[in-house]
Amino acid sequence: MNRNYRDDKIKQLRDQLRFNQKATLIQQAAAAEVLFNDITEDRYYAYDFVCFRITKYRPDLPSRHNLASQDLAHDLRLLIEDLSELADLSGEEVGEQILTVQDLSRQFNVSTKTISRWREAGLVSRRVSIDGRKRVAFLASSVDHFAAANKDKIRRGERFSQLTDDEKTEIIERARQLVEGGAAPADVTRSLARQMGRSVETIRYTLKNFDSENSAIAIFPHHRGTLTEDDRRSIFNLYLAGHTIAQLCRRFNRSETSIQRILLEMRKQRILELPLDYIYNEDFEDDSRQIEYLGPEPQPAVAPRKVRVPKDLPSYLSSLYDVPLLTREQEYHLFRKMNYFKHLANRLRQQLDQLDGGKSSAMNQIEAYYDRAVEVKNRIVQSNLRLVVSIAKRHQSGTEDFFALISDGNISLIRAVEKFDYSRGNKFSTYASWAIMKNFARTIPSEFKHRDRFRTTTEELFLARQDERCDPYLEESAQRRRKRQLSQILNRLDEREQKIIAARFGLDTGTEPLTLKEVGAEIGLTKERVRQLEAKALAKLRTAASEDNLDIEM
1 MNRNYRDDKI
11 KQLRDQLRFN
21 QKATLIQQAA
31 AAEVLFNDIT
41 EDRYYAYDFV
51 CFRITKYRPD
61 LPSRHNLASQ
71 DLAHDLRLLI
81 EDLSELADLS
91 GEEVGEQILT
101 VQDLSRQFNV
111 STKTISRWRE
121 AGLVSRRVSI
131 DGRKRVAFLA
141 SSVDHFAAAN
151 KDKIRRGERF
161 SQLTDDEKTE
171 IIERARQLVE
181 GGAAPADVTR
191 SLARQMGRSV
201 ETIRYTLKNF
211 DSENSAIAIF
221 PHHRGTLTED
231 DRRSIFNLYL
241 AGHTIAQLCR
251 RFNRSETSIQ
261 RILLEMRKQR
271 ILELPLDYIY
281 NEDFEDDSRQ
291 IEYLGPEPQP
301 AVAPRKVRVP
311 KDLPSYLSSL
321 YDVPLLTREQ
331 EYHLFRKMNY
341 FKHLANRLRQ
351 QLDQLDGGKS
361 SAMNQIEAYY
371 DRAVEVKNRI
381 VQSNLRLVVS
391 IAKRHQSGTE
401 DFFALISDGN
411 ISLIRAVEKF
421 DYSRGNKFST
431 YASWAIMKNF
441 ARTIPSEFKH
451 RDRFRTTTEE
461 LFLARQDERC
471 DPYLEESAQR
481 RRKRQLSQIL
491 NRLDEREQKI
501 IAARFGLDTG
511 TEPLTLKEVG
521 AEIGLTKERV
531 RQLEAKALAK
541 LRTAASEDNL
551 DIEM
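Mapping of the sequence shown onto our numbering: position 315 corresponds to residue 315, and the numbering continues sequentially without gaps.
Check before you lean on any hint, since a few could be wrong.
What the hints assert, rightly or not - The calculated lysine-lysine pairs, modelled on PhoX-like cross-linking and capped at a C-alpha distance of 20 Å, are: (1) Lys113 <-> Lys153; (2) Lys377 <-> Lys359; (3) Lys113 <-> Lys151; (4) Lys527 <-> Lys517; (5) Lys419 <-> Lys536; (6) Lys311 <-> Lys393; (7) Lys113 <-> Lys208; (8) Lys499 <-> Lys536; (9) Lys527 <-> Lys11; (10) Lys393 <-> Lys359; (11) Lys359 <-> Lys268; (12) Lys536 <-> Lys9; (13) Lys419 <-> Lys438; (14) Lys377 <-> Lys311; (15) Lys168 <-> Lys208; (16) Lys377 <-> Lys419; (17) Lys517 <-> Lys11; (18) Lys517 <-> Lys419; (19) Lys393 <-> Lys438; (20) Lys22 <-> Lys134.
Simulated from the structure, these hints should not be mistaken for laboratory data. Keep in mind that this is a model prediction, so the values were computed, not measured.
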(Lines of atoms letter the chains of each structure in order from A and count residues from 1; the text may use other names and numbers.)
(Lines give C-alpha, C1' and ligand atoms only; values in the text may rest on other atoms or scores of the structure.)
Protein backbone atom coordinates (compact mmCIF):
# COMPACT_ATOMS: atom_id res chain seq x y z
CA MET A 1 0.00 0.00 0.00
CA ASN A 2 1.24 3.49 -0.86
CA ARG A 3 2.12 5.91 1.93
CA ASN A 4 3.21 9.04 0.08
CA TYR A 5 -0.21 10.58 -0.59
CA ARG A 6 -0.03 14.36 -0.91
CA ASP A 7 -3.49 14.95 0.53
CA ASP A 8 -4.56 13.11 3.67
CA LYS A 9 -8.23 13.20 2.59
CA ILE A 10 -7.58 10.83 -0.32
CA LYS A 11 -5.62 8.51 1.95
CA GLN A 12 -8.53 8.48 4.41
CA LEU A 13 -10.91 7.72 1.54
CA ARG A 14 -8.77 4.72 0.60
CA ASP A 15 -8.90 3.46 4.21
CA GLN A 16 -12.70 3.78 4.19
CA LEU A 17 -13.07 1.91 0.90
CA ARG A 18 -10.81 -0.99 1.87
CA PHE A 19 -13.73 -2.95 3.38
CA ASN A 20 -15.78 -2.95 0.17
CA GLN A 21 -16.46 -6.03 -1.92
CA LYS A 22 -14.07 -6.98 -4.73
CA ALA A 23 -16.52 -5.97 -7.48
CA THR A 24 -17.06 -2.57 -5.83
CA LEU A 25 -13.31 -1.96 -5.52
CA ILE A 26 -12.84 -2.73 -9.22
CA GLN A 27 -15.62 -0.31 -10.17
CA GLN A 28 -14.22 2.41 -7.94
CA ALA A 29 -10.71 1.99 -9.37
CA ALA A 30 -12.16 2.34 -12.87
CA ALA A 31 -14.15 5.44 -11.82
CA ALA A 32 -11.00 6.95 -10.32
CA GLU A 33 -9.14 6.42 -13.62
CA VAL A 34 -11.96 8.12 -15.57
CA LEU A 35 -11.71 11.08 -13.20
CA PHE A 36 -7.91 11.02 -13.54
CA ASN A 37 -8.19 11.35 -17.32
CA ASP A 38 -10.65 14.25 -16.94
CA ILE A 39 -8.38 16.39 -14.75
CA THR A 40 -7.51 19.82 -16.16
CA GLU A 41 -4.26 21.52 -15.17
CA ASP A 42 -4.19 24.58 -12.87
CA ARG A 43 -7.60 23.92 -11.39
CA TYR A 44 -8.91 23.07 -7.92
CA TYR A 45 -11.36 20.25 -7.29
CA ALA A 46 -13.72 19.97 -4.31
CA TYR A 47 -13.18 16.85 -2.25
CA ASP A 48 -16.95 16.19 -2.18
CA PHE A 49 -16.93 16.14 -5.99
CA VAL A 50 -13.98 13.74 -6.06
CA CYS A 51 -15.64 11.47 -3.50
CA PHE A 52 -18.90 11.41 -5.49
CA ARG A 53 -17.15 10.62 -8.79
CA ILE A 54 -15.40 7.63 -7.25
CA THR A 55 -18.04 6.24 -4.86
CA LYS A 56 -21.35 7.77 -6.09
CA TYR A 57 -21.81 8.85 -2.49
CA ARG A 58 -21.97 12.37 -1.06
CA PRO A 59 -20.70 12.89 2.53
CA ASP A 60 -23.35 13.69 5.16
CA LEU A 61 -21.48 16.83 6.15
CA PRO A 62 -20.29 19.04 3.26
CA SER A 63 -16.52 19.59 3.17
CA ARG A 64 -14.88 22.77 2.03
CA HIS A 65 -11.65 20.96 1.31
CA ASN A 66 -10.19 21.51 -2.18
CA LEU A 67 -7.36 19.74 -4.00
CA ALA A 68 -5.01 21.22 -6.59
CA SER A 69 -5.09 19.40 -9.93
CA GLN A 70 -1.46 18.22 -9.72
CA ASP A 71 -1.96 16.84 -6.19
CA LEU A 72 -5.23 15.17 -7.15
CA ALA A 73 -3.64 13.52 -10.20
CA HIS A 74 -0.75 12.23 -8.08
CA ASP A 75 -3.04 10.81 -5.37
CA LEU A 76 -5.59 9.31 -7.78
CA ARG A 77 -2.82 7.32 -9.44
CA LEU A 78 -1.83 5.91 -6.04
CA LEU A 79 -5.48 5.31 -5.10
CA ILE A 80 -6.11 3.28 -8.28
CA GLU A 81 -3.09 1.13 -7.53
CA ASP A 82 -4.12 0.59 -3.90
CA LEU A 83 -7.75 -0.26 -4.75
CA SER A 84 -6.61 -2.86 -7.26
CA GLU A 85 -4.29 -4.34 -4.64
CA LEU A 86 -7.14 -4.47 -2.09
CA ALA A 87 -9.35 -6.23 -4.66
CA ASP A 88 -6.70 -8.99 -4.85
CA LEU A 89 -7.09 -9.36 -8.61
CA SER A 90 -5.42 -12.07 -10.64
CA GLY A 91 -4.35 -11.46 -14.22
CA GLU A 92 -7.22 -13.60 -15.50
CA GLU A 93 -9.86 -11.55 -13.63
CA VAL A 94 -8.92 -8.18 -15.11
CA GLY A 95 -11.07 -8.60 -18.21
CA GLU A 96 -8.67 -7.05 -20.73
CA GLN A 97 -5.06 -7.38 -21.80
CA ILE A 98 -2.54 -6.46 -19.13
CA LEU A 99 1.11 -5.54 -19.63
CA THR A 100 3.94 -5.82 -17.11
CA VAL A 101 6.80 -3.34 -16.83
CA GLN A 102 8.98 -5.70 -18.87
CA ASP A 103 6.28 -6.00 -21.55
CA LEU A 104 6.14 -2.21 -21.93
CA SER A 105 9.92 -1.98 -21.95
CA ARG A 106 10.05 -4.34 -24.92
CA GLN A 107 7.06 -2.77 -26.69
CA PHE A 108 8.47 0.77 -26.65
CA ASN A 109 12.14 -0.28 -26.67
CA VAL A 110 12.94 1.70 -23.52
CA SER A 111 14.46 0.88 -20.13
CA THR A 112 12.37 -0.12 -17.13
CA LYS A 113 13.48 3.09 -15.40
CA THR A 114 11.86 5.02 -18.24
CA ILE A 115 8.63 3.16 -17.51
CA SER A 116 8.95 4.23 -13.86
CA ARG A 117 9.30 7.86 -14.97
CA TRP A 118 6.23 7.49 -17.18
CA ARG A 119 4.26 6.26 -14.16
CA GLU A 120 5.22 9.43 -12.31
CA ALA A 121 4.14 11.40 -15.39
CA GLY A 122 0.65 9.88 -15.45
CA LEU A 123 0.78 6.29 -16.72
CA VAL A 124 -1.87 4.60 -14.55
CA SER A 125 -0.81 1.26 -13.06
CA ARG A 126 -2.46 -1.46 -11.00
CA ARG A 127 -1.26 -4.25 -8.75
CA VAL A 128 -2.40 -7.71 -9.79
CA SER A 129 -1.35 -11.28 -9.01
CA ILE A 130 0.72 -12.75 -11.83
CA ASP A 131 2.16 -16.25 -11.37
CA GLY A 132 1.36 -16.06 -7.67
CA ARG A 133 3.15 -12.73 -7.10
CA LYS A 134 1.80 -9.21 -6.69
CA ARG A 135 3.22 -7.18 -9.56
CA VAL A 136 2.76 -3.76 -11.11
CA ALA A 137 0.80 -4.06 -14.34
CA PHE A 138 -0.94 -1.80 -16.84
CA LEU A 139 -4.25 -2.17 -18.62
CA ALA A 140 -3.88 -1.95 -22.39
CA SER A 141 -6.48 0.84 -22.41
CA SER A 142 -4.44 2.83 -19.86
CA VAL A 143 -1.29 2.44 -21.97
CA ASP A 144 -3.11 3.52 -25.15
CA HIS A 145 -4.52 6.62 -23.43
CA PHE A 146 -1.08 7.61 -22.07
CA ALA A 147 0.63 7.03 -25.42
CA ALA A 148 -1.96 9.16 -27.25
CA ALA A 149 -1.60 12.02 -24.76
CA ASN A 150 2.22 11.89 -24.54
CA LYS A 151 3.50 11.27 -28.05
CA ASP A 152 6.58 13.48 -27.58
CA LYS A 153 7.49 11.76 -24.32
CA ILE A 154 7.19 8.34 -25.96
CA ARG A 155 9.33 9.51 -28.87
CA ARG A 156 12.04 10.85 -26.56
CA GLY A 157 12.10 7.60 -24.63
CA GLU A 158 12.53 5.55 -27.81
CA ARG A 159 15.51 7.68 -28.82
CA PHE A 160 17.53 6.00 -26.09
CA SER A 161 18.09 2.90 -28.23
CA GLN A 162 19.16 4.95 -31.25
CA LEU A 163 22.59 5.95 -29.94
CA THR A 164 25.13 5.21 -32.64
CA ASP A 165 28.53 3.73 -31.89
CA ASP A 166 30.14 7.09 -32.73
CA GLU A 167 27.87 8.86 -30.22
CA LYS A 168 28.71 6.32 -27.53
CA THR A 169 32.42 6.77 -28.22
CA GLU A 170 32.09 10.54 -28.01
CA ILE A 171 30.21 10.29 -24.70
CA ILE A 172 32.92 8.05 -23.25
CA GLU A 173 35.80 10.32 -24.39
CA ARG A 174 34.13 13.47 -23.09
CA ALA A 175 33.39 11.75 -19.79
CA ARG A 176 37.04 10.75 -19.44
CA GLN A 177 38.16 14.34 -20.01
CA LEU A 178 35.74 15.66 -17.38
CA VAL A 179 36.86 13.04 -14.84
CA GLU A 180 40.52 13.93 -15.42
CA GLY A 181 39.55 17.55 -14.70
CA GLY A 182 38.23 16.45 -11.26
CA ALA A 183 34.47 16.27 -11.94
CA ALA A 184 32.31 13.94 -9.83
CA PRO A 185 30.15 11.25 -11.53
CA ALA A 186 26.91 13.19 -11.01
CA ASP A 187 28.44 16.35 -12.51
CA VAL A 188 29.77 14.36 -15.49
CA THR A 189 26.36 12.92 -16.39
CA ARG A 190 24.57 16.27 -16.08
CA SER A 191 27.20 18.09 -18.15
CA LEU A 192 27.19 15.45 -20.93
CA ALA A 193 23.38 15.40 -21.00
CA ARG A 194 23.42 19.13 -21.82
CA GLN A 195 26.24 18.83 -24.36
CA MET A 196 24.84 15.80 -26.19
CA GLY A 197 21.14 16.69 -25.99
CA ARG A 198 20.35 13.41 -24.24
CA SER A 199 18.67 12.52 -20.96
CA VAL A 200 20.77 12.14 -17.83
CA GLU A 201 19.61 8.52 -17.56
CA THR A 202 20.86 7.78 -21.09
CA ILE A 203 24.33 9.13 -20.28
CA ARG A 204 24.48 7.32 -16.94
CA TYR A 205 23.41 4.02 -18.48
CA THR A 206 25.94 4.30 -21.31
CA LEU A 207 28.85 5.00 -18.94
CA LYS A 208 27.75 2.25 -16.56
CA ASN A 209 27.67 -0.32 -19.38
CA PHE A 210 31.11 0.74 -20.60
CA ASP A 211 32.65 0.42 -17.11
CA SER A 212 31.09 -3.00 -16.51
CA GLU A 213 32.42 -4.30 -19.85
CA ASN A 214 35.84 -2.61 -19.63
CA SER A 215 36.92 -2.76 -15.99
CA ALA A 216 40.62 -2.28 -16.89
CA ILE A 217 39.98 1.12 -18.50
CA ALA A 218 36.82 2.08 -16.61
CA ILE A 219 35.99 5.79 -16.44
CA PHE A 220 34.89 5.49 -12.79
CA PRO A 221 37.01 2.57 -11.49
CA HIS A 222 36.15 3.25 -7.83
CA HIS A 223 32.57 4.33 -8.33
CA ARG A 224 30.18 2.59 -5.94
CA GLY A 225 27.32 2.53 -8.43
CA THR A 226 23.82 2.99 -7.10
CA LEU A 227 23.84 3.56 -3.37
CA THR A 228 21.97 0.93 -1.41
CA GLU A 229 19.63 1.70 1.45
CA ASP A 230 22.41 0.67 3.86
CA ASP A 231 24.78 3.15 2.16
CA ARG A 232 22.25 5.95 2.53
CA ARG A 233 21.65 5.07 6.18
CA SER A 234 25.43 5.02 6.78
CA ILE A 235 25.77 8.47 5.21
CA PHE A 236 23.06 9.83 7.50
CA ASN A 237 24.48 8.20 10.64
CA LEU A 238 27.99 9.41 9.87
CA TYR A 239 26.69 12.94 9.38
CA LEU A 240 24.90 12.78 12.75
CA ALA A 241 28.16 11.52 14.27
CA GLY A 242 29.98 14.66 13.12
CA HIS A 243 31.37 13.89 9.64
CA THR A 244 31.33 16.88 7.29
CA ILE A 245 29.66 16.84 3.88
CA ALA A 246 33.10 17.15 2.22
CA GLN A 247 34.29 14.02 4.02
CA LEU A 248 31.17 12.12 2.96
CA CYS A 249 31.65 13.24 -0.66
CA ARG A 250 35.16 11.78 -0.72
CA ARG A 251 34.23 8.60 1.13
CA PHE A 252 31.22 7.74 -1.06
CA ASN A 253 32.47 9.37 -4.28
CA ARG A 254 29.42 11.59 -4.61
CA SER A 255 28.88 15.28 -5.34
CA GLU A 256 27.99 17.71 -2.56
CA THR A 257 24.50 18.14 -4.03
CA SER A 258 23.97 14.38 -4.03
CA ILE A 259 25.03 14.03 -0.38
CA GLN A 260 22.80 16.93 0.69
CA ARG A 261 19.85 15.38 -1.14
CA ILE A 262 20.45 12.03 0.57
CA LEU A 263 20.67 13.69 3.98
CA LEU A 264 17.43 15.55 3.37
CA GLU A 265 15.64 12.38 2.19
CA MET A 266 16.90 10.28 5.11
CA ARG A 267 15.92 12.96 7.59
CA LYS A 268 12.46 13.14 6.05
CA GLN A 269 12.19 9.36 6.29
CA ARG A 270 13.07 9.53 9.98
CA ILE A 271 10.43 12.24 10.47
CA LEU A 272 7.80 10.06 8.76
CA GLU A 273 8.66 7.18 11.10
CA LEU A 274 8.23 9.21 14.30
CA PRO A 275 5.53 7.61 16.55
CA LEU A 276 2.98 10.42 16.48
CA ASP A 277 -0.15 8.48 17.43
CA TYR A 278 -2.16 10.56 19.86
CA ILE A 279 -5.62 11.10 21.40
CA TYR A 280 -7.33 13.63 19.13
CA ASN A 281 -9.54 16.37 20.57
CA GLU A 282 -11.64 18.79 18.53
CA ASP A 283 -10.42 21.65 20.73
CA PHE A 284 -6.96 21.23 19.17
CA GLU A 285 -8.27 22.89 15.99
CA ASP A 286 -8.74 26.17 17.88
CA ASP A 287 -5.29 27.76 17.49
CA SER A 288 -6.31 30.69 19.70
CA ARG A 289 -6.05 28.39 22.74
CA GLN A 290 -2.46 27.35 22.05
CA ILE A 291 -1.10 29.49 24.91
CA GLU A 292 -3.53 27.76 27.29
CA TYR A 293 -2.54 24.29 26.10
CA LEU A 294 1.22 24.88 26.17
CA GLY A 295 1.39 26.95 29.34
CA PRO A 296 2.99 25.80 32.61
CA GLU A 297 1.22 23.13 34.60
CA PRO A 298 -1.11 24.43 37.35
CA GLN A 299 0.27 24.42 40.87
CA PRO A 300 -1.76 22.83 43.69
CA ALA A 301 -3.57 25.23 46.01
CA VAL A 302 -1.98 23.48 48.99
CA ALA A 303 1.66 22.43 48.87
CA PRO A 304 1.92 18.62 48.81
CA ARG A 305 2.88 17.03 52.10
CA LYS A 306 6.46 15.86 52.04
CA VAL A 307 6.63 12.08 52.33
CA ARG A 308 9.23 10.60 54.64
CA VAL A 309 11.30 7.98 52.87
CA PRO A 310 11.58 4.65 54.70
CA LYS A 311 15.08 3.68 55.72
CA ASP A 312 17.18 0.99 54.10
CA LEU A 313 15.32 1.10 50.79
CA PRO A 314 17.29 0.46 47.57
CA SER A 315 18.39 3.68 45.88
CA TYR A 316 15.89 3.28 43.01
CA LEU A 317 12.91 2.97 45.35
CA SER A 318 14.13 5.85 47.50
CA SER A 319 14.43 8.12 44.47
CA LEU A 320 10.73 7.61 43.63
CA TYR A 321 9.73 9.59 46.70
CA ASP A 322 11.53 12.67 45.32
CA VAL A 323 8.86 13.05 42.62
CA PRO A 324 5.50 14.30 43.96
CA LEU A 325 2.24 12.77 42.76
CA LEU A 326 0.18 14.79 40.28
CA THR A 327 -3.09 16.48 41.18
CA ARG A 328 -6.12 15.86 38.94
CA GLU A 329 -5.68 19.34 37.38
CA GLN A 330 -1.96 18.78 36.70
CA GLU A 331 -2.66 15.35 35.23
CA TYR A 332 -5.32 16.72 32.85
CA HIS A 333 -3.07 19.60 31.75
CA LEU A 334 -0.03 17.40 31.08
CA PHE A 335 -1.96 14.79 29.08
CA ARG A 336 -3.59 17.52 27.01
CA LYS A 337 -0.21 19.21 26.48
CA MET A 338 1.49 15.98 25.38
CA ASN A 339 -1.24 15.15 22.88
CA TYR A 340 -1.38 18.73 21.59
CA PHE A 341 2.36 18.74 20.86
CA LYS A 342 1.88 15.51 18.88
CA HIS A 343 -1.10 17.04 17.10
CA LEU A 344 1.01 20.03 16.00
CA ALA A 345 3.83 17.75 14.86
CA ASN A 346 1.48 15.42 12.96
CA ARG A 347 -0.33 18.31 11.26
CA LEU A 348 2.96 19.80 10.07
CA ARG A 349 4.26 16.39 8.97
CA GLN A 350 1.23 15.89 6.72
CA GLN A 351 2.13 19.13 4.91
CA LEU A 352 5.77 18.20 4.22
CA ASP A 353 5.19 16.89 0.69
CA GLN A 354 3.29 20.05 -0.23
CA LEU A 355 6.14 22.40 0.74
CA ASP A 356 8.20 23.63 -2.19
CA GLY A 357 10.79 25.19 0.13
CA GLY A 358 11.52 25.42 3.82
CA LYS A 359 11.37 21.67 4.38
CA SER A 360 14.39 21.78 6.69
CA SER A 361 12.81 24.40 8.93
CA ALA A 362 9.54 22.44 8.96
CA MET A 363 11.39 19.26 9.98
CA ASN A 364 13.19 21.23 12.71
CA GLN A 365 9.81 22.31 14.06
CA ILE A 366 8.38 18.76 13.90
CA GLU A 367 11.35 17.39 15.83
CA ALA A 368 11.01 20.20 18.40
CA TYR A 369 7.32 19.41 18.92
CA TYR A 370 8.07 15.70 19.26
CA ASP A 371 10.89 16.28 21.76
CA ARG A 372 8.60 18.47 23.89
CA ALA A 373 5.91 15.77 23.80
CA VAL A 374 8.45 13.21 25.00
CA GLU A 375 9.50 15.52 27.84
CA VAL A 376 5.90 15.85 29.02
CA LYS A 377 5.34 12.09 28.72
CA ASN A 378 8.43 11.43 30.84
CA ARG A 379 7.10 13.85 33.47
CA ILE A 380 3.83 11.88 33.65
CA VAL A 381 5.63 8.52 33.78
CA GLN A 382 8.02 9.61 36.54
CA SER A 383 5.12 10.84 38.66
CA ASN A 384 3.42 7.43 38.44
CA LEU A 385 6.35 5.08 39.01
CA ARG A 386 5.30 4.58 42.65
CA LEU A 387 2.04 3.12 41.35
CA VAL A 388 3.99 0.41 39.51
CA VAL A 389 5.90 -0.47 42.68
CA SER A 390 2.72 -0.60 44.78
CA ILE A 391 1.18 -3.12 42.35
CA ALA A 392 4.38 -5.11 41.78
CA LYS A 393 4.92 -5.72 45.50
CA ARG A 394 1.53 -7.49 45.66
CA HIS A 395 2.56 -9.83 42.84
CA GLN A 396 6.08 -10.53 44.09
CA SER A 397 7.02 -14.19 44.48
CA GLY A 398 10.53 -13.62 45.79
CA THR A 399 13.11 -10.90 46.17
CA GLU A 400 14.88 -11.98 42.99
CA ASP A 401 11.71 -11.28 40.94
CA PHE A 402 10.78 -7.89 42.38
CA PHE A 403 12.78 -5.57 40.13
CA ALA A 404 11.95 -7.66 37.08
CA LEU A 405 8.28 -7.08 37.89
CA ILE A 406 8.90 -3.34 38.25
CA SER A 407 10.67 -3.22 34.89
CA ASP A 408 7.80 -5.08 33.24
CA GLY A 409 5.26 -2.82 34.94
CA ASN A 410 7.08 0.32 33.84
CA ILE A 411 6.68 -0.74 30.21
CA SER A 412 2.94 -1.20 30.78
CA LEU A 413 2.81 2.24 32.40
CA ILE A 414 4.47 3.89 29.39
CA ARG A 415 1.99 2.23 27.03
CA ALA A 416 -0.89 3.33 29.24
CA VAL A 417 0.30 6.96 29.05
CA GLU A 418 0.16 6.76 25.24
CA LYS A 419 -3.36 5.27 25.19
CA PHE A 420 -5.09 7.19 27.99
CA ASP A 421 -7.96 9.44 26.87
CA TYR A 422 -7.78 12.33 29.32
CA SER A 423 -10.95 13.98 27.92
CA ARG A 424 -13.24 11.39 29.55
CA GLY A 425 -12.53 12.82 32.99
CA ASN A 426 -11.27 9.57 34.56
CA LYS A 427 -8.21 9.36 36.79
CA PHE A 428 -5.14 8.00 35.04
CA SER A 429 -4.20 5.84 38.03
CA THR A 430 -7.38 3.77 37.52
CA TYR A 431 -6.61 3.11 33.87
CA ALA A 432 -2.90 2.50 34.52
CA SER A 433 -3.62 0.06 37.39
CA TRP A 434 -5.89 -1.96 35.12
CA ALA A 435 -3.25 -2.02 32.34
CA ILE A 436 -0.40 -3.03 34.68
CA MET A 437 -2.35 -5.78 36.46
CA LYS A 438 -3.65 -7.07 33.14
CA ASN A 439 -0.07 -7.42 31.94
CA PHE A 440 1.03 -9.11 35.20
CA ALA A 441 -1.85 -11.58 34.88
CA ARG A 442 -0.52 -12.64 31.49
CA THR A 443 3.14 -12.91 32.48
CA ILE A 444 3.18 -14.23 36.06
CA PRO A 445 2.63 -17.99 36.63
CA SER A 446 -0.34 -18.87 38.80
CA GLU A 447 1.82 -20.26 41.61
CA PHE A 448 3.28 -16.80 42.20
CA LYS A 449 -0.08 -15.15 42.86
CA HIS A 450 -0.01 -15.69 46.65
CA ARG A 451 2.63 -14.04 48.82
CA ASP A 452 4.23 -15.15 52.04
CA ARG A 453 2.75 -13.05 54.82
CA PHE A 454 6.07 -12.92 56.75
CA ARG A 455 8.46 -10.31 55.42
CA THR A 456 11.94 -8.99 56.13
CA THR A 457 12.39 -5.74 58.03
CA THR A 458 13.26 -3.76 54.92
CA GLU A 459 10.23 -5.07 53.12
CA GLU A 460 8.01 -4.37 56.12
CA LEU A 461 9.16 -0.76 56.18
CA PHE A 462 8.43 -0.38 52.51
CA LEU A 463 5.00 -2.01 52.65
CA ALA A 464 4.09 0.01 55.73
CA ARG A 465 4.03 3.16 53.62
CA GLN A 466 0.44 4.07 52.76
CA ASP A 467 0.01 4.80 49.04
CA GLU A 468 -2.01 7.98 48.57
CA ARG A 469 -3.84 6.54 45.58
CA CYS A 470 -7.03 4.48 45.53
CA ASP A 471 -6.65 0.75 46.09
CA PRO A 472 -6.18 -0.68 42.57
CA TYR A 473 -7.93 -3.92 43.54
CA LEU A 474 -11.02 -2.02 44.66
CA GLU A 475 -10.89 -0.01 41.44
CA GLU A 476 -10.68 -3.20 39.40
CA SER A 477 -13.58 -4.79 41.31
CA ALA A 478 -15.71 -1.71 40.74
CA GLN A 479 -14.82 -1.76 37.06
CA ARG A 480 -15.85 -5.42 36.75
CA ARG A 481 -19.16 -4.69 38.46
CA ARG A 482 -19.82 -1.82 36.06
CA LYS A 483 -19.04 -4.10 33.10
CA ARG A 484 -21.48 -6.75 34.34
CA GLN A 485 -24.19 -4.13 34.72
CA LEU A 486 -23.42 -2.68 31.31
CA SER A 487 -23.60 -6.10 29.63
CA GLN A 488 -27.20 -6.42 30.87
CA ILE A 489 -28.34 -3.47 28.76
CA LEU A 490 -26.01 -3.75 25.75
CA ASN A 491 -28.46 -6.08 24.01
CA ARG A 492 -30.78 -3.12 23.50
CA LEU A 493 -28.35 -1.74 20.91
CA ASP A 494 -28.06 -2.93 17.34
CA GLU A 495 -24.98 -4.85 16.21
CA ARG A 496 -23.09 -1.82 14.86
CA GLU A 497 -23.77 0.27 17.97
CA GLN A 498 -22.60 -2.59 20.21
CA LYS A 499 -19.40 -2.87 18.22
CA ILE A 500 -18.72 0.88 18.49
CA ILE A 501 -19.35 1.00 22.27
CA ALA A 502 -17.21 -2.11 22.86
CA ALA A 503 -14.33 -0.70 20.81
CA ARG A 504 -14.52 2.83 22.26
CA PHE A 505 -14.58 1.66 25.90
CA GLY A 506 -12.38 -1.44 25.58
CA LEU A 507 -15.12 -3.84 26.64
CA ASP A 508 -13.79 -6.75 24.57
CA THR A 509 -11.38 -9.01 26.40
CA GLY A 510 -7.75 -8.32 25.58
CA THR A 511 -8.35 -5.00 23.83
CA GLU A 512 -7.79 -1.39 24.79
CA PRO A 513 -10.08 1.58 24.02
CA LEU A 514 -9.80 2.83 20.44
CA THR A 515 -10.05 6.40 19.17
CA LEU A 516 -12.91 7.54 16.94
CA LYS A 517 -10.55 7.46 13.95
CA GLU A 518 -9.42 3.88 14.71
CA VAL A 519 -13.00 2.66 15.11
CA GLY A 520 -14.00 4.35 11.86
CA ALA A 521 -11.13 2.69 10.00
CA GLU A 522 -12.14 -0.70 11.43
CA ILE A 523 -15.80 -0.59 10.39
CA GLY A 524 -15.50 1.64 7.31
CA LEU A 525 -17.10 4.86 8.59
CA THR A 526 -15.89 8.42 8.97
CA LYS A 527 -14.76 9.63 12.38
CA GLU A 528 -17.71 12.07 12.58
CA ARG A 529 -20.22 9.31 11.78
CA VAL A 530 -18.75 7.12 14.53
CA ARG A 531 -19.09 10.06 16.95
CA GLN A 532 -22.79 10.43 16.04
CA LEU A 533 -23.51 6.71 16.45
CA GLU A 534 -21.64 6.63 19.77
CA ALA A 535 -23.71 9.54 21.14
CA LYS A 536 -26.94 7.84 20.00
CA ALA A 537 -25.92 4.53 21.59
CA LEU A 538 -24.94 6.18 24.90
CA ALA A 539 -28.32 7.91 25.03
CA LYS A 540 -30.02 4.51 24.66
CA LEU A 541 -27.82 3.04 27.40
CA ARG A 542 -28.58 5.90 29.80
CA THR A 543 -32.31 5.38 29.27
CA ALA A 544 -31.97 1.62 29.78
CA ALA A 545 -29.85 2.08 32.93
CA SER A 546 -32.45 4.45 34.37
CA GLU A 547 -35.30 2.04 33.64
CA ASP A 548 -33.43 -0.89 35.25
CA ASN A 549 -32.21 1.22 38.23
CA LEU A 550 -28.57 0.48 37.41
CA ASP A 551 -25.88 2.76 38.82
CA ILE A 552 -23.62 3.16 35.78
CA GLU A 553 -21.75 6.40 35.06
CA MET A 554 -21.78 7.28 31.32
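Now the hints, each set against the structure:
no. : hint              : result
1   : Lys113 <-> Lys153 : holds (14 Å)
2   : Lys377 <-> Lys359 : violated (27 Å)
3   : Lys113 <-> Lys151 : holds (18 Å)
4   : Lys527 <-> Lys517 : holds (5 Å)
5   : Lys419 <-> Lys536 : violated (24 Å)
6   : Lys311 <-> Lys393 : holds (17 Å)
7   : Lys113 <-> Lys208 : holds (14 Å)
8   : Lys499 <-> Lys536 : holds (13 Å)
9   : Lys527 <-> Lys11  : holds (14 Å)
10  : Lys393 <-> Lys359 : violated (50 Å)
11  : Lys359 <-> Lys268 : holds (9 Å)
12  : Lys536 <-> Lys9   : violated (26 Å)
13  : Lys419 <-> Lys438 : holds (15 Å)
14  : Lys377 <-> Lys311 : violated (30 Å)
15  : Lys168 <-> Lys208 : holds (12 Å)
16  : Lys377 <-> Lys419 : holds (12 Å)
17  : Lys517 <-> Lys11  : holds (13 Å)
18  : Lys517 <-> Lys419 : holds (14 Å)
19  : Lys393 <-> Lys438 : holds (15 Å)
20  : Lys22 <-> Lys134  : holds (16 Å)
In the structure shown, a violation is registered for the earlier hints numbered 2, 5, 10, 12, 14, in ascending order.
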